[in-house]
Amino acid sequence: MINVINLTKNFGSLKVIDNVSTTIEAGEKVVIVGPSGSGKSTFLRCLNLLEDPNGGSIIFEGVDLCDLKVDINEHRRKMGMVFQHFNLFNNLTVKKNIMLAPVMIGCRKLRSLKRKRALIAFVNLFRKNKLELPEIKETRASIKEEAERNAMRLLKRIGLEEKANVYPSTLSGGQKQRIAIIRALAMNPKVMLFDEPTSALDPEMVGEVLQLIREVADEGMTMVIVTHEMNFAREVGTRIIFMNEGRIEEENTPEEFFQNPKSPRLKEFLSKVLSPSSRPKEQTV
Amino acid sequence: MQKKWELFVKSFITNEGYTKVIAGLENTVQIAFFGFLIGVALGTVVAIIKAFSKRSKAVKAISLIGDAYVAFFRGTPIVVQLLIAYYVIAPLFGVRINALLVGILTFGLNSGAYVSEIMRSGILSVDVGQMEAGRSLGLSFSATMRKIVLPQALKNSLPALGNELIAITKETSVAGFITVLDLTEAFKQIGSANYEFIIPYLMLALVYLVIVLIMTLFIKLLERRLRRSDKRN
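Taken in sequence, the protein lines are chains A and B. Count the first sequence with my numbering and you get residues 17 to 301, in order. Count the second sequence with my numbering and you get residues 2 to 234, in order.
These are computed hints drawn from the structure, not numbers from a lab. Treat the hints loosely; a few may be bogus.
Here are some chain B residues pointing at chain A (derived, C-beta under 7 Å) [what the hints assert, rightly or not]:
1. Q3
2. P92
3. G95
4. A134
Here are the simulated lysine-lysine pairs, DSS-like style, with alpha carbons at most 30 Å apart [what the hints assert, rightly or not]:
5. K148(B) <-> K94(A)
6. K61(B) <-> K85(A)
7. K148(B) <-> K61(B)
8. K11(B) <-> K94(A)
9. K148(B) <-> K206(A)
Using N, Cα and C, we set each Cβ at its ideal position, and we do this for glycine too.
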């Protein structure tokens, strides 16, 4: 589904991603772990081109996203993203946060359809055998109504429907992150990218967010998750990637990854994060 | 004092000075209001270009033009700009150009230079995550800018924009330099009818004060409305 080929990314003279290649298949839940500054977040952000790669290519459903001719917005709609700091739109209510992208993109499609129709109608004035006019079923109101229904359905799913009309500033971190997740789901993405979704949360709210991610995973969504939650990685991941200094140092199934690590760097990393005495509840990057 | 007052009443009412004042008020408000609107529109565009000049070389090149524009309009007095616009540039177009229109455009361009800096700081005050979230949902740069970043930037820079509106309103008092009959010019003419300036000029100050106070009230209401999404009220 996503084919990463020789991906390279520099920040100035610093090589953050160094010639990384991997393939993410449909239905896979890929978890990326690694020490701070290993490039795991940058790698994730390169997947939907929030960071412009300096080299290599990202093939998503057969299309090279790094090609400048590609309409990146169209492909980003199929890749939901969840951020460490939630990034809910502060100026919109919870419901509007979820509705914004579906409504704007729906209305945009409607406009271009109407333009096409008008063009055909105009051409028909000069033709003997008239072209068929495309039928437009949707209206702005129907798009809005549909988006609202969908937003309320998603809010109900996470039990926050009574928060539909409040602004994000009044919500807890866990609530914000769960809303950020369903905001991404509202676009019906084919793959979800999680960039340390629980790192900015209070410890007691981590559970509810992980539970929602788990549910989405169980529905068969393809996922790429950058996280420090090792237990969660072991439980949800179908493949775990260990990144170090911009490269994929090791990748394996969760069982093998944790029980039988091969590279010394990974062994050292795991001993630090897994040993109960030195293991902090929450690590920040 | 009694006599001075009588003289003022005579020229203000009996000699119909008030029609001048009403016309002057109208012109002052028009220059300030439309000038400010042009300024905000122009300033916002310049601010967006400047705030995102790192995105590509083409934007960087345009942003240099923006820099030159801001440097000129902040670096020269508004009176000089008005004189150049009316006596140097307008004649190039041959036909007699409406002084009020020249005033509005010049004040708009002048205000735009200041507003661009205000809006730039407003845009930079919005977390980059807001733009990233919008883009990650598949919204275009301009759609995210319009729906997410600019509303928040506008809210953050509203106090400074209010200042700019007040400043431009008071600066319109130099519009008389290019033959526009503004408030100042109207009261000046009333005073010169009998060379008695004390009361007309005090009245003039009072009128400006009242206009600015009304604006302050209006800005406060607007700010309260835009702060709905904040925790602090």
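Against the structure, the hints come out as follows:
1. Q3: Violated, about 59 Å.
2. P92: Violated. Min distance 44 Å.
3. G95: violated, 40 Å
4. A134: holds, 4 Å
5. K148(B) <-> K94(A): Cα-Cα ~21 Å, so holds.
6. K61(B) <-> K85(A): holds, 22 Å
7. K148(B) <-> K61(B): holds, 24 Å
8. K11(B) <-> K94(A): With Cα atoms ~76 Å apart, K11(B) and K94(A) exceed 30 Å; violated.
9. K148(B) <-> K206(A): holds, 25 Å
Violated hints for the displayed structure, listed by number in ascending order: 1, 2, 3 and 8.
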